[in-house]
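Undergrad: Sequence:
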Amino acid sequence: MLARENDSLVGIRSADVYFGWSFDAEWLSASSRLRWTATPSAGVDHWPVAALDAAGITLTRGYGYHGRPMAEHAIGLLLGFSRGLFTSTRLQTRSVWWKDDLADSFFDLYGETLTIVGCGSVGVRLAEVAQSLGMHVIGVRRSPPRSEPGGIEWLPADRLLEALPRSRAVVNLLPATAETHGFFDESTFKACRPGTVFINLGRASTVDHDALRGALDQGLLAGAALDVQPRKPPSLDDPLRHHPRIVLTPKSAVFSHAYMDQAVAFFVDNLRLFLAGQPLNGAVTPTHGGTHAPH
Numbered sequence: 428m429l430a431r432e433n434d435s436l437v438g439i440r441s442a443d444v445y446f447g448w449s450f451d452a453e454w455l456s457a458s459s460r461l462r463w464t465a466t467p468s469a470g471v472d473h474w475p476v477a478a479l480d481a482a483g484i485t486l487t488r489g490y491g492y493h494g495r496p497m498a499e500h501a502i503g504l505l506l507g508f509s510r511g512l513f514t515s516t517r518l519q520t521r522s523v524w525w526k527d528d529l530a531d532s533f534f535d536l537y538g539e540t541l542t543i544v545g546c547g548s549v550g551v552r553l554a555e556v557a558q559s560l561g562m563h564v565i566g567v568r569r570s571p572p573r574s575e576p577g578g579i580e581w582l583p584a585d586r587l588l589e590a591l592p593r594s595r596a597v598v599n600l601l602p603a604t605a606e607t608h609g610f611f612d613e614s615t616f617k618a619c620r621p622g623t624v625f626i627n628l629g630r631a632s633t634v635d636h637d638a639l640r641g642a643l644d645q646g647l648l649a650g651a652a653l654d655v656q657p658r659k660p661p662s663l664d665d666p667l668r669h670h671p672r673i674v675l676t677p678k679s680a681v682f683s684h685a686y687m688d689q690a691v692a693f694f695v696d697n698l699r700l701f702l703a704g705q706p707l708n709g710a711v712t713p714t715h716g717g718t719h720a721p722h
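For the sequence shown, my numbering gives the first residue as 428, with consecutive numbering after it.
All clues stand as given, with none of them false.
As a list, the in silico SDA-like pairs of lysine to any residue whose alpha-carbon atoms are at most 25 Å apart: (1) K617 <-> R640; (2) K678 <-> G641; (3) K659 <-> R495; (4) K659 <-> T676; (5) K617 <-> P657.
By construction, these hints were calculated from the structure, which means they are not laboratory data.
Build the full structure now, drawing on both the sequences and the hints.
TA: Here it is, written out as structure tokens:
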């Protein structure tokens, strides 16, 4: 059964396979034949992972096609800060000529350090682009990668505070788990180098947003870009919308005209494995990265 989020569950009773963006745990009572649920998303924190596992139903998430658009998005946001593009947009209707205003806000990326927290396959793709701009990249992750892509300085998560004072920019790609909740808090932001840019393409729950706004107000951070917010969508009076140093994007980091073609191709490859009785790619369990498998 192929489904979109708002589709009815006509046919779920006779479905062996479900492919869609979300799945309600209540649907399990109507799906006695279901053996496999699949989502094109990399994140499954909104899926009933434990309930599916208890019912003996496999859950798979997509991977391998999120890295390119997310890397482009992160670099675009970083360039927006480094080249003063966001400052220019803000001042073009307020000032006759604002060149002098950019002198204090722009910075070079060449020779600077980028730290990527939660550095899986998406982070590696981002690192490649950042390195092409002359940046040094620190990859922070819970466990060492199976193979170490060239040029990345790898650090375990418990050594993050060593990386922050060295970094001009920090990109958060952390998943939503009990361990990552509020990971970026007041103490983390205080450890950042003054003038750091913080970009969150991971999950909103990994950031204490009051602490983030405090760090911006105190000048500890130069700016922040958030592709995810605590409320979706944020209310029109949400302080995050109106902070002069915060840029919001509407969870659009994965936007790509090739996205669904690649997602369906990934699903079809898995379908062949399913029909052949082979292990599926991207399988998720309650103990595999909590409620979110790594990118």
